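K.L.:
Residue numbers (the working numbering), protein chains in the order written: chain A, 31 to 420; chain B, 31 to 420.
Don't read these hints as lab results, they were simulated from the structure.
Among these hints, one or two may not hold up.
Said to hold, decoys possible - A short, non-exhaustive set of chain B residues, derived as facing chain A with CB atoms under 10 Å:
1. I78
2. V127
3. N131
4. Q141
Predicted model only: the values in this text are computed from it and were never measured.
Beta carbons: idealized from backbone N, C-alpha and C, even for Gly.
2 protein chains.
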Amino acid sequence: MNRPEPSLSLSGERFTAVYRLCGAAAEVEARARAICLEQTVEFPQALIPNEAIRDQIVGQIAAIIPRALDDGSDGFEVAIRYPIESAGRELTQLLNVLFGNVALQPGVRLQRIDLPPSLLQHYPGPRFGIAGLRQRLGVRERPLLCTALKPMGLSPTELAELAYQLALGGIDLIKDDHGLSDQPFCPFDERASRCAEAVARANRETGHASLYLPNVTAPADEVAVRAQRARALGAGGLLVCPGLTGLDAMRALADDEALALPILSHPALLGGLSLGPHQGLAHGLLFGTLARLAGADATIFPSHGGRFAFTATECREIATAACAPLPGLAPIWPVPAGGMHLQQIPELVRFYGRDSMLLIGGDLHAGPDLRARCQAFRSLAAQACEQHTE
Amino acid sequence: MNRPEPSLSLSGERFTAVYRLCGAAAEVEARARAICLEQTVEFPQALIPNEAIRDQIVGQIAAIIPRALDDGSDGFEVAIRYPIESAGRELTQLLNVLFGNVALQPGVRLQRIDLPPSLLQHYPGPRFGIAGLRQRLGVRERPLLCTALKPMGLSPTELAELAYQLALGGIDLIKDDHGLSDQPFCPFDERASRCAEAVARANRETGHASLYLPNVTAPADEVAVRAQRARALGAGGLLVCPGLTGLDAMRALADDEALALPILSHPALLGGLSLGPHQGLAHGLLFGTLARLAGADATIFPSHGGRFAFTATECREIATAACAPLPGLAPIWPVPAGGMHLQQIPELVRFYGRDSMLLIGGDLHAGPDLRARCQAFRSLAAQACEQHTE
Chain A
31 MNRPEPSLSL
41 SGERFTAVYR
51 LCGAAAEVEA
61 RARAICLEQT
71 VEFPQALIPN
81 EAIRDQIVGQ
91 IAAIIPRALD
101 DGSDGFEVAI
111 RYPIESAGRE
121 LTQLLNVLFG
131 NVALQPGVRL
141 QRIDLPPSLL
151 QHYPGPRFGI
161 AGLRQRLGVR
171 ERPLLCTALK
181 PMGLSPTELA
191 ELAYQLALGG
201 IDLIKDDHGL
211 SDQPFCPFDE
221 RASRCAEAVA
231 RANRETGHAS
241 LYLPNVTAPA
251 DEVAVRAQRA
261 RALGAGGLLV
271 CPGLTGLDAM
281 RALADDEALA
291 LPILSHPALL
301 GGLSLGPHQG
311 LAHGLLFGTL
321 ARLAGADATI
331 FPSHGGRFAF
341 TATECREIAT
351 AACAPLPGLA
361 PIWPVPAGGM
371 HLQQIPELVR
381 FYGRDSMLLI
391 GGDLHAGPDL
401 RARCQAFRSL
411 AAQACEQHTE
Chain B
31 MNRPEPSLSL
41 SGERFTAVYR
51 LCGAAAEVEA
61 RARAICLEQT
71 VEFPQALIPN
81 EAIRDQIVGQ
91 IAAIIPRALD
101 DGSDGFEVAI
111 RYPIESAGRE
121 LTQLLNVLFG
131 NVALQPGVRL
141 QRIDLPPSLL
151 QHYPGPRFGI
161 AGLRQRLGVR
171 ERPLLCTALK
181 PMGLSPTELA
191 ELAYQLALGG
201 IDLIKDDHGL
211 SDQPFCPFDE
221 RASRCAEAVA
231 RANRETGHAS
241 LYLPNVTAPA
251 DEVAVRAQRA
261 RALGAGGLLV
271 CPGLTGLDAM
281 RALADDEALA
291 LPILSHPALL
301 GGLSLGPHQG
311 LAHGLLFGTL
321 ARLAGADATI
331 FPSHGGRFAF
341 TATECREIAT
351 AACAPLPGLA
361 PIWPVPAGGM
371 HLQQIPELVR
381 FYGRDSMLLI
391 GGDLHAGPDL
401 RARCQAFRSL
411 AAQACEQHTE
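Bound-form chain A, shown alone:
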């Protein structure tokens, strides 16, 4: 076949993915080389048609560092550098280069990434982040208080009454349960409208600035429509499950100037990719770095000490990645959740610090007086914050 002279001329700039491989030392270099090919040309090295592609497109091994796994078995950290142009300007393609096909291979876990400013510039990231949400809520120092409207099965009127009580009780962010979408027994429009109105009414009475965040997780062609409706109806933010909509659907909401609403990311389905230890995406990367790249202002994850199995170390990794320096991208709120109780608040604030959003769901309802428990939530958080500061 007569090919014209290759015209490929890339910048030479690269971004880095650090994988953790488990397995024998004798194989690690070959496996690393295989990843370099798999994630770019997906073609045998020997058949690559020209030197320009071999030099400029194929991933390059930057480091292979022995690092025993938690169970003591052989493990390695392998850093691979990919050309920035391979990822284009698209989050979907960035994810594809980082972990698209390798996600299908056991024994490889993507630990962390390092993106140069030339790539990061395509991702404005969180519109509010920690500082922006503090400003919007007028809350200077303490952790934020969040809860969910539930259970599924209540009518929009019932949920709105609940939202009203929660706002009167001083909860900062009142979100739909992630199981509320657009069911016949609780249509999106009616729910969003009634709940937004209820929270606004409570705010007028209290002088607080509680936000209502409806769940806009929806079919691909309806996410943006629901978000616009939500805004028009008075929502103060949006809840999204990027595992269900695709991570980039959240990015599109965050980048939408006409919306400009805080975004709370929920881990449904997506979080399955974090279950390791020998595969998938590291907790900090998935719930921290990638959530930020995709524009979340706050990232919900199941905290240790609740119904789920994340460890303290994994939770620490998420909290760290949510706030680690990332040029141009605001730090965001870690939202430890998944069966948290009021009595855990001191420990949660000790662990996550004051720049955390505490999400308490069911436990707010575990007493006869919802509003009193909300107020307890608030004072416990304030108290814990003071002790944390001392």
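Using the hints provided, position chain B relative to the given structure of chain A.
P.N.:
Positioned in the frame of chain A, the structure of chain B alone reads:
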């Protein structure tokens, strides 16, 4: 709090999810009950505010069957029935009820689902499927031949020349490599336009009906736009990576009357959720059932005997689910891939049958004469099909 009388009045119809739990017998019932709550009300049983919700919304255990795991340890199949209304009419919410939060729990794998017609009616599924694609290609009996335009780094002109040769060689479906998106060195529009033109030119010369399928995996707000462009430029189908776009973005493409193009689903990222054995989504469910619900006409997966680690049993499960009866949904093409070689064709056809799409990438380029190897691909498949029939 004064709640109005609960007005909940659901149909009583339910759909079923079968989970595999690993762990001790003493705990299995409590864990099953926890899933019933987790996936619906996400609320402690004791706090559910009324009987209507307890009876009509919460999942119900239909069966708990001891089933030892492959490694001989304790395991159970737990069938849970959820109200059809909990899933609304939305694939995103159906996935959420099936596996949203449980995806975050190790030791629980979603094995299969059973949806009644009242729920299936919301999912038209594959527009072409096996019969429709045979008709469009004019291929009555033999397996279909598929390959990818690669490697990344070639220009649109080079890829178009490659597409031309592949179409002359008699390949039925010529798809973009899933790593080609809209990079500066290979912009989507130019690539799709040149490759579609090249395949059309070859078709005029050969009288065949080869299809070109550009990769429309793209940012959330561009998937539909690229698909429309692809169609306008003469594409004969679309390649989508639903793990990158979200599964429902593929569903939206499939349902789009104005597109009406065959859809090939690629497992990038999504497939990570199938890595088990004690978590995630079963292979057949993910690559078979869910791909069909989401409108794929053909589902690519890494076959045993290639670069990836899927077992023969897992591949069998996918091929079975791709074709199993599912009211109203056409059977679709299993596309075994991931480093397949020409010499494996007889075995592939023996294993997957004639209603399979054989995807050979790199190996077509492993000789001096690409067109000759395409023809060999074609005659090997025809031969294997005859032997399979005898």
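K.L.:
All hints, please: hold or fail.
P.N.:
The hints, checked one at a time:
no.	hint	result
1	I78	holds, 6 Å
2	V127	holds, 7 Å
3	N131	holds, 6 Å
4	Q141	violated, 15 Å
The structure is inconsistent with hint 4 alone, although it conforms to all the rest.
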